[in-house]
Each structure stands twice: as structure tokens, then as C-alpha cells.
Amino acid sequence: MTETLHETRLVVNGVPHTVRVPARRLLADCLRHDLGLTGTHLGCEHGVCGACTVLVDGRPMRSCLLFAVGVDGAEITTVEGCRSADGGLGPVQQAFQDCHGLQCGFCTPGFVTTITAWLREHPDPTEEQARQAIGGNLCRCTGYQNIVASVLRAAEILKDERR
Amino acid sequence: MGEPIPRREDPRLVAGDGRFLDDLGAEALAAAFVRSPHAAARVVDVDVGAALEVDGLVAIYTYEDLEGPVAEPLPLLIPHPSLHAPRTGYPLANGVVRHVGEPVAMVVARDRYLAEDACERIVVAYEPLAPVVGLDAAVAAERTVHDDVPDNVAARMVQEHGDARAAVAAAPHRLALDLAIERSASTPLEGRGVYARWDAADRSLRVYSSTQTSTSVRFALAVKLGVPVDRVEVVAPDVGGGFGVKIMHPWPEEVLVPWAAIRLGREVKWAEDRREHFVASAHERGQRHHVEVGFDDDGRLLGLDVRFVHDNGAYTPYGIIVPIITATQLLGPYKPGAYRVEFRSLYTNTVIVTPYRGAGRPQGAFAMERTLDAIAGSLGIDRARVREANFIQPNEMPYDHHLIFQDGRPLIYDSGDYPATLDKVKKLVGWDEFEAFRAGARGDGRRVGIGVACYVEGTGVGPYEGAHVRVETDGSVVVATGLTTQGQGHQTVFAQVAAEALGVPVERVTVVTGDTRRFKYAVGTFASRAAVMSGNAVALAAGKVRAKALRIAAEALEADPDDLELADGTVRVKGAPEREIDLGTVAVLANPLRYAFDEQARLATQFVVGRGVDAPPVAEDDEPGLEATDFYSPVRSTFANGAHAVVVETDPDTAEVRILRYCVVHDCGTLINPRIVEGQIHGGVAQGVGGALYERMVYDENGQLLNASFMDFLMPYASEVPKIEIDHLETPSPLNPLGIKGAGEAGTIPGAAVLAAAISDAEGFFVDRMPLSPSELWALRERHARKEEG
Chain A
0 MTETLHETRL VVNGVPHTVR VPARRLLADC LRHDLGLTGT HLGCEHGVCG
50 ACTVLVDGRP MRSCLLFAVG VDGAEITTVE GCRSADGGLG PVQQAFQDCH
100 GLQCGFCTPG FVTTITAWLR EHPDPTEEQA RQAIGGNLCR CTGYQNIVAS
150 VLRAAEILKD ERR
Chain B
0 MGEPIPRRED PRLVAGDGRF LDDLGAEALA AAFVRSPHAA ARVVDVDVGA
50 ALEVDGLVAI YTYEDLEGPV AEPLPLLIPH PSLHAPRTGY PLANGVVRHV
100 GEPVAMVVAR DRYLAEDACE RIVVAYEPLA PVVGLDAAVA AERTVHDDVP
150 DNVAARMVQE HGDARAAVAA APHRLALDLA IERSASTPLE GRGVYARWDA
200 ADRSLRVYSS TQTSTSVRFA LAVKLGVPVD RVEVVAPDVG GGFGVKIMHP
250 WPEEVLVPWA AIRLGREVKW AEDRREHFVA SAHERGQRHH VEVGFDDDGR
300 LLGLDVRFVH DNGAYTPYGI IVPIITATQL LGPYKPGAYR VEFRSLYTNT
350 VIVTPYRGAG RPQGAFAMER TLDAIAGSLG IDRARVREAN FIQPNEMPYD
400 HHLIFQDGRP LIYDSGDYPA TLDKVKKLVG WDEFEAFRAG ARGDGRRVGI
450 GVACYVEGTG VGPYEGAHVR VETDGSVVVA TGLTTQGQGH QTVFAQVAAE
500 ALGVPVERVT VVTGDTRRFK YAVGTFASRA AVMSGNAVAL AAGKVRAKAL
550 RIAAEALEAD PDDLELADGT VRVKGAPERE IDLGTVAVLA NPLRYAFDEQ
600 ARLATQFVVG RGVDAPPVAE DDEPGLEATD FYSPVRSTFA NGAHAVVVET
650 DPDTAEVRIL RYCVVHDCGT LINPRIVEGQ IHGGVAQGVG GALYERMVYD
700 ENGQLLNASF MDFLMPYASE VPKIEIDHLE TPSPLNPLGI KGAGEAGTIP
750 GAAVLAAAIS DAEGFFVDRM PLSPSELWAL RERHARKEEG
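Chains as they are written, first to last, in numbering that gives the first Met the number 0: chain A, 0 to 162; chain B, 0 to 789.
Among the hints, a few may not be true.
Only some residues are given here: those of chain A computed to face chain B with a beta carbon under 8 Å [to be verified]: (1) Cys43; (2) Gln96; (3) Leu101.
SDA-like, lysine to any residue: derived pairs with alpha carbons at most 20 Å apart [as the list claims (entries may be wrong)]: (4) B:Lys722 to A:Gln128; (5) B:Lys547 to B:Phe630; (6) B:Lys543 to B:Phe630; (7) B:Lys722 to A:Glu126; (8) B:Lys722 to A:Gly135; (9) B:Lys573 to B:Pro591; (10) B:Lys543 to B:Ala553; (11) B:Lys722 to B:Tyr693; (12) B:Lys543 to B:Glu499; (13) B:Lys334 to B:Asp295; (14) B:Lys722 to A:Leu151; (15) B:Lys722 to A:Lys158; (16) B:Lys426 to B:His783; (17) B:Lys547 to B:Arg446; (18) B:Lys722 to A:Asp97; (19) B:Lys722 to A:Gln131; (20) B:Lys722 to A:Glu127; (21) B:Lys547 to B:Asp561; (22) B:Lys573 to B:Pro560; (23) B:Lys573 to B:Ala553; (24) A:Lys158 to A:Glu126; (25) B:Lys334 to B:Asp297; (26) B:Lys543 to B:Pro504; (27) B:Lys426 to B:Glu724; (28) B:Lys334 to B:Ala388; (29) B:Lys722 to A:Gly134; (30) B:Lys786 to B:Gly376; (31) B:Lys573 to B:Asp559; (32) B:Lys722 to A:Pro124; (33) B:Lys519 to B:Thr509; (34) B:Lys722 to A:Thr125; (35) B:Lys334 to B:Pro171; (36) B:Lys547 to B:Pro591.
Chain B stretches covered by chain A per the calculated footprint, using a threshold of three residues with CB under 8 Å from any CB of chain A [said to hold, decoys possible]: (37) 19 to 26; (38) 230 to 240; (39) 483 to 490; (40) 707 to 719.
By construction, these hints were calculated from the structure, which means they are not laboratory data.
All C-beta atoms in this analysis are idealised placements derived from N, C-alpha and C, irrespective of residue type, glycine included.
Could you build all of it, start to finish, from the sequences and the hints given here?
This is how it looks when you write it as C-alpha cells:
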């Protein structure tokens, strides 16, 4: 019983990779274990908690519900790719530190990717909209209040950057 | 200290550079477990034949493969005289399974996919037995969980001060209430996990575990695995939340993974999946309380007689800590008159019960606060006034309840201002203006209600924590404490404590937690104890380092130590800042060297610095290095307190509950970092709200957990957690040098009580069990409407 391996090309955080994986290999496991990008976390493996959210061609998706072979050729952005160009913390990451938007930090990568994508289309959110934006991700530590604040703060940082 | 500085741990964590358990051990073999699908069954046969053909399979283990201490039952961690029938499980089922999820076989394979392939092919023949599910079945004891525990009662305990039953009987007013809380669970986003490396040449074992106590795991594994404790090191890496469940240890998997690593001479790792976490870790909260209370015309308690039953699941490895805490902390900030409490802890064929944030206090607060609300209702007086009538007053501190707390020590409150706490929360929520708001809302066809609930939390339970503080020769400071961290910001707050004591910028301090290579003596992170225990230990150790730095610097500067101060990373003469010495240089001087391996070290070689040719370079009562270890061990717990007030709106048609205001007043003594304390409160409230309105473990009559996934177990999203308004009170604890009381669990404790109160107030009938779903609230409405008609 040996598994057939499929050659799969992924551009992850701007870096092209070719991996040979079984058809059933989850994108999350491929990122974490085949590419060593362990910033993407698995909290439920059934698509509910959102910790494993990565951007697939710019759109947030649950990497625990995708097979790596299913996104052959896609551009993937993980939390590691949400840094600023100089390698420092990206706007959303910085906002999370500024606002104490994380405690244990396990769910944070999924929030960072989700919010990064969302702010592109909602550059000037209200508090209510910010709360809705994170409505699909579970956090067990923070009670969300400081994550809502982080969304607003990240929008501010991005606005400052555009100035 | 006292500054809301950003956290030191965040840059790693927000950038994806955290190192959680499953981020380690890229080359390790993967373990997976065959788990019982039955709540109660005899294991007749385990047939592994079909699994052997799985590519990448390395090993399959069943109970028959275990030998020595690994084949014996897991330890009873906290024995207690009242726990007369303790039972613990085996790492792998020994002929019987007692809950769904109990491990029966362990598979080790090249990766987790293959390990699970093998698990699927292992055929276990079971002879199912009728299970005991729920407290009714446990009490009835028509069936038993353990053959040799015929009444299913693991423990029975009574505590009494005064003659409560006589006091109730003689009181001018009496009430009897039945109050229930259902099962829930900690449910951290990261499950459990263990990764073990055995170095055969060195005969040493390193284990990484997603645990709240690495030091105790180390001792437990040494005993179980027959490895000298000196050859075992346990590291808690970044831990993705704990909330209590990860204080339990050693788990079956925590023993088996290193056991297999030693046997195979290979690295082995197991990371729990979500379903496993639901059915094979631990739950809490399930209790039913019967309260009889006697009181006077002002609602003052004269006698309180509480009996409750606690569902401890299939085994009792963590003892009876949870019901003991309920029994004692139920009293909250109140004087109960005469008090009697009796509980029975009962076996059921369900997952074990160990503390979950709040640890028995949410149930206790629910029983007490609902009772006070019922008293107010029966007398027709304001609910806040009933509380005021019963408060322990600040001038009565320390207050002795004449009971024994969970640590075996007297339940004596050290400090707190309960009337001021309630005043503050009433102002914050607008208690006295609420009727006007209600009238307005009613005019709009809306149904609103308000509730308040108070609590006292014993925090900082012993026996001790310790810390090691060292100043390096570059002037940086390294702090190590054995206590673990799961998101509480210990790397920041302990750095703040050390930085203040040593007069260095906080950026120069690095903190290591939960790594037995760095600090071997510790208890663990639970019971809101970390800031109290390790915070004070760090302060004590840093104080010793400070004294030594002053002594050495005084010698070097030829000044009196009393004339020196530490600031900005230097030791300097007060009023003469030009006479200063860098703290790093003091560290160099503290370690007289023979070999000058760098320029800094040159300063300290015995040929440059010495105590004179007639004295040894290191004095008899001294040690080299600018470092110290100290321990903090308090005589008893310190007691934090608080009050929550909420305003809810209940939908007249759908019975949906919406929280309009959630106000918290909290007193945890001195705040090291107010931002982190507020974060703890936010998260605690979210879990309190979850426990009150959404979360429950739904077992069917066969002992199947019907909602063992995040699709069915409703953890609150951002849409369910209200905005939380916080006000602080700071009544320092007289028991410890920093005046700290714990803050970790407080936010969760009164959640069910305060929401039940507000919903009752909105609906006009008494809510006596939580959690409460919209459909249950709707059914309650129907029942009460029928009652009124009939």
C-alpha cells in the first residue's frame, strides 16, 4: 500500500515551491510540514475555527478544507507573508501587538490573514463592521474586544502608510 | 510595574514564529490512537492483522504490550480523605472501557495520515455494557461505572460551621431551591500534544508537552518510565491556551508517547485533534445543587444548607478539587450565618472532570447569587440591598469562614472591599436608573432585564513557586521560573517585576517559563496563581540580585551600599551620577575568572580584580555570578473579588438573548500590567457568556457525546461576546510583597449567575439552570404562561 504522489506547484508568500504530495494531503499540512511554514495553525480540522485561514489568490480560505493538489498553481499567502516589506511586523500584525489583540496566539495567524484580506476591500471600517469582519474566526482567549480594536488600528496604520 | 506595556511575546506570535507543540519535531514519527466508541464495554479482542500492511507503520501497542509502572493505573494526583473510592484509568484500556474516547490501542507510523490508516484497520471486539450517563443515573446506581463502587459515589464530604439546619428551621423566612449547571469544557484552540526525544547514547529523555505543569510531568514520567528523574527534561513550548484542562497530567498519551520513543529509539509526536479533545481530555461544570436558606426581614442570611452532586466522569485522577472549591467558594463575599455544605462526587461513563477556568466557582456563584435573588424576590426588596445586607465588611478582614479550602488550609479572606465593589458596578451599569430604562424599552415593545452577581476567588494557591534571576555580563537580565504560560503574558509581566527591582529597562529582561532545563522546582499554572506566586518569587530573587549588585558595586565604587541606587542599567551613587558602574560590569566582577575569553572577562580575571592575596577570591558565604534563586510560599491563598452587572434584552418572539451591557468591577490587588489584566477579564467574560448561553456537552443515553465538534459545540464568536466595560479597585493583598491577587479566572466566575439574573428579571420568572438556549427559554415561557393560566 503506497500512495501515489502528485507534483504540485504553489507560490507561497511569493516563493515558488514544487512539492510531491498524496492527493489527500491537506493544504494546511503541506504548508506546515512539507514547507515548514508552521505559522498556519490547525484548531479544528473541520473549517469552523478559522485558525488555518490562508489567502489563496488573495481570498481567505480554510487550509484545513483544501487539498494541496486542489490549489495547484495558486498563490498562497500565510501569516508569515503578512509582514511588511522590510521584514518587520506587517500592519495587521503590528496592530495586534498595539491593541493586545492576542493572548496565547494560536488563533492569531488566521485572524491576521483574514483581516489583511478584508481591509483591502474595507479600508475605513466602523467598529461594527470590524466586529463582523472577524465573525468567522474563533478565539478562546481574548473575548474579541481587543481584536476588534486591532482591526480598527490596522486600518489606521494602513491609512498612514498610504499617506 | 503598573504600566500597560505591550507584550514581549507578541512579535513572534503575530508573525507566525510561535513554536507550538505540533510546530516541533518535523522528523518525528506520528502517533494516533484507537479509542473506544462505547461508553462502557469489555474489550474482548484487539485484532491488528489488517493494519500490519499499512505502508509506513512502525508499531502498534495494546495494553498487553505495557509492562512495569506503565501497565499500572495512572496516578491519583490529589488524594483526599473524603475521596474514599478513587479510581484512575490505564494508559491503554485494560480489558474495560468506561467512556467514549478512552484509548485502546496506540499506533506509531511515518506520518499521522498513515497512523490513522492503521487505526482504522484495527478491529476491536467489544462487549458493550449499559452505561451510567448523567447525574440521575449515577445517583440511582441501578448500574455502576466501577464494579467495586456499588453506589457510584467516589467521594462524600461535609463541612459545617454552626448548626445550619437548626438556623434555617428557626429563621423567620425560608426558601428551598434547586439549581443546576451543565457540563462544559476549557476547549483551548490548541489541543493537547506530546513530542518525545530519547537520546539512547546519553540515556536521557526530552519531552515537549502542551501542558500547564512541565515540572510535575517530569516527575510523573520519570516514575512511570523508570528513567532517573535527572535524565528527564520536560519543556512546555508555546501553549495554545489551557484554561485548566492542561493542568491534568500525566495523560495516557503523555506517558505513552515518550514510552514509545524510548522503546523505538525514535522521536515520536502526537498532536490531539479536535474530536479527541472533546472525547478524551476533560470536562467540567456538571453539578446540581439543593439550597435551603433561612433569612430575616432584611434578607440577611441566618442559615445556609447546601447539598450538591458533582459528576466526576469515569475516573478521578485530579481528585475532588472542583467540588471542594464549589463547597467553599460558594460563600462569595457574604456571611452565611450558619453554613453546612455536603457534596457527593459521582462516577458516570463520561469524560473525566478536572478544573476549567473558574473551577467549581461558577457553580458556587450561581447557587449563591440565585439564592440571594430569590430572597430579594420573596421579600420584595432590591437585589443589591440583599447583597449589601450580607457583605463581609472591610473592617472584618481577615475574615475566617471556619472552613477548609482546597489547599487544606483555613478559608480566611485576606482583604477586599465588597461594598465598594458593588457600589462601583452599580454606578457603572446604572443600577438605580434602570427602571426608567425598562419603562422606556417596554414602551417600544422591548423586554429588558438587569442582573448583578458578586464573587470572591481564592487565588495564588500554594505550595510555592520559585524564580532564578541572573544579570549577564552584557547587562541583560535572564529570568527563569518553572511555572508555565498559556497566553497570560508572563514573559512581559515577570520582566516588568524584574526590571523594576533591578533598575533596568524591561527590554533588557528575558523570561523563560515552563522549561525544566532552566528551573526544576515549580507547581504549575492554575488557580489564578501565576502572578501571585511566580511574580513574587521573581521579585524576591531579583531583590537578592539587587543586594549583591549593590554590595559588589559599593566595593568597586568605594561607596556605602546604602548610598547607591540602581537605574538605567547602572549602579550609581545617589546624587553623584558620575560615580556609576554598569550593571553588566558588576556581573563581570561577580565572577572572578582565570581565563580572559573576551574583553569583559579580562576585567574579572583574578589578576585584575581580587579581594586581596590573603582572602579566597570567592568568599565562603558567596557564590560566583550575579544571580540568585528564591521561592515564594504563602501561608495561604489570597482572595480577589469582583462584581458583574449585565443588561439583557430577550426577544419576545424568538427568545433570543442579547446582552446590551456587560460591566465588570474587579479587585485583584496591585496590577502589574493593567492591559494584560483587562485582557484576562475579557477572555474570562467570553467564557462565562459561552457557559451561560451557548456551551454544553450533550451526551445521549448511550454515553455518546453528540456535539463533539466546533460545528455543534457552540463557542462564542465575536458576534456573541458583548463589549465589556471594566472598572478596577486595587486593594493590595497583605499576604505577599507585591500585594497581588490573581486575575485569570475571575471574568468567568459570575457569568452564569449574572445572566440568569438578568434573564429572570426580563422575563419575570426564575431561571434555575444554565446554560439557557433560546429554545429552552421559549419552553420556559410556555410553561410559566400555562402555570399562570392554570
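Verification of the hints:
1. Cys43: holds, 4 Å
2. Gln96: OK, holds: Gln96 of chain A within 8 Å of chain B, min 4 Å.
3. Leu101: Leu101 of chain A check passes; min Cβ-Cβ to chain B is 6 Å, inside 8 Å.
4. B:Lys722 to A:Gln128: Measuring from Cα to Cα gives roughly 14 Å; hence the hint holds.
5. B:Lys547 to B:Phe630: Holds, at roughly 17 Å.
6. B:Lys543 to B:Phe630: Judged against 20 Å, a Cα distance of about 11 Å means the pair holds.
7. B:Lys722 to A:Glu126: Roughly 11 Å separates the two Cα atoms, so the pair holds.
8. B:Lys722 to A:Gly135: holds, 18 Å
9. B:Lys573 to B:Pro591: The hint is violated at about 27 Å.
10. B:Lys543 to B:Ala553: holds, 15 Å
11. B:Lys722 to B:Tyr693: Since the Cα atoms of Lys722 of chain B and Tyr693 of chain B sit roughly 17 Å apart, the hinted pair holds (cutoff 20 Å).
12. B:Lys543 to B:Glu499: holds, 13 Å
13. B:Lys334 to B:Asp295: holds, 13 Å
14. B:Lys722 to A:Leu151: Answer holds: Lys722 of chain B to Leu151 of chain A is near 15 Å, not above 20 Å.
15. B:Lys722 to A:Lys158: At roughly 25 Å apart (the allowed maximum being 20 Å), Lys158 of chain A and Lys722 of chain B break the hint.
16. B:Lys426 to B:His783: violated, 33 Å
17. B:Lys547 to B:Arg446: Outside the cut-off at roughly 65 Å; violated.
18. B:Lys722 to A:Asp97: holds, 19 Å
19. B:Lys722 to A:Gln131: holds, 13 Å
20. B:Lys722 to A:Glu127: Judged against 20 Å, a Cα distance of about 11 Å means the pair holds.
21. B:Lys547 to B:Asp561: Cα-Cα ~12 Å, so holds.
22. B:Lys573 to B:Pro560: Roughly 10 Å between the alpha carbons, so the hint for Lys573 of chain B and Pro560 of chain B holds.
23. B:Lys573 to B:Ala553: The hint holds at about 12 Å.
24. A:Lys158 to A:Glu126: holds, 16 Å
25. B:Lys334 to B:Asp297: holds, 14 Å
26. B:Lys543 to B:Pro504: Holds, because 18 Å separates the two Cα atoms, which is no more than 20 Å.
27. B:Lys426 to B:Glu724: Distance ~12 Å between Lys426 of chain B and Glu724 of chain B Cα, so the pair holds.
28. B:Lys334 to B:Ala388: holds, 9 Å
29. B:Lys722 to A:Gly134: Holds - the C-alpha atoms of Gly134 of chain A and Lys722 of chain B are around 14 Å apart, at most 20 Å.
30. B:Lys786 to B:Gly376: holds, 18 Å
31. B:Lys573 to B:Asp559: holds, 10 Å
32. B:Lys722 to A:Pro124: Status holds; Cα separation ~17 Å.
33. B:Lys519 to B:Thr509: holds, 18 Å
34. B:Lys722 to A:Thr125: holds, 15 Å
35. B:Lys334 to B:Pro171: holds, 18 Å
36. B:Lys547 to B:Pro591: holds, 15 Å
37. 19 to 26: Contact hint for the stretch 19 to 26 of chain B vs chain A: holds, 4 residues under 8 Å.
38. 230 to 240: holds (count 4)
39. 483 to 490: holds (count 4)
40. 707 to 719: holds (count 7)
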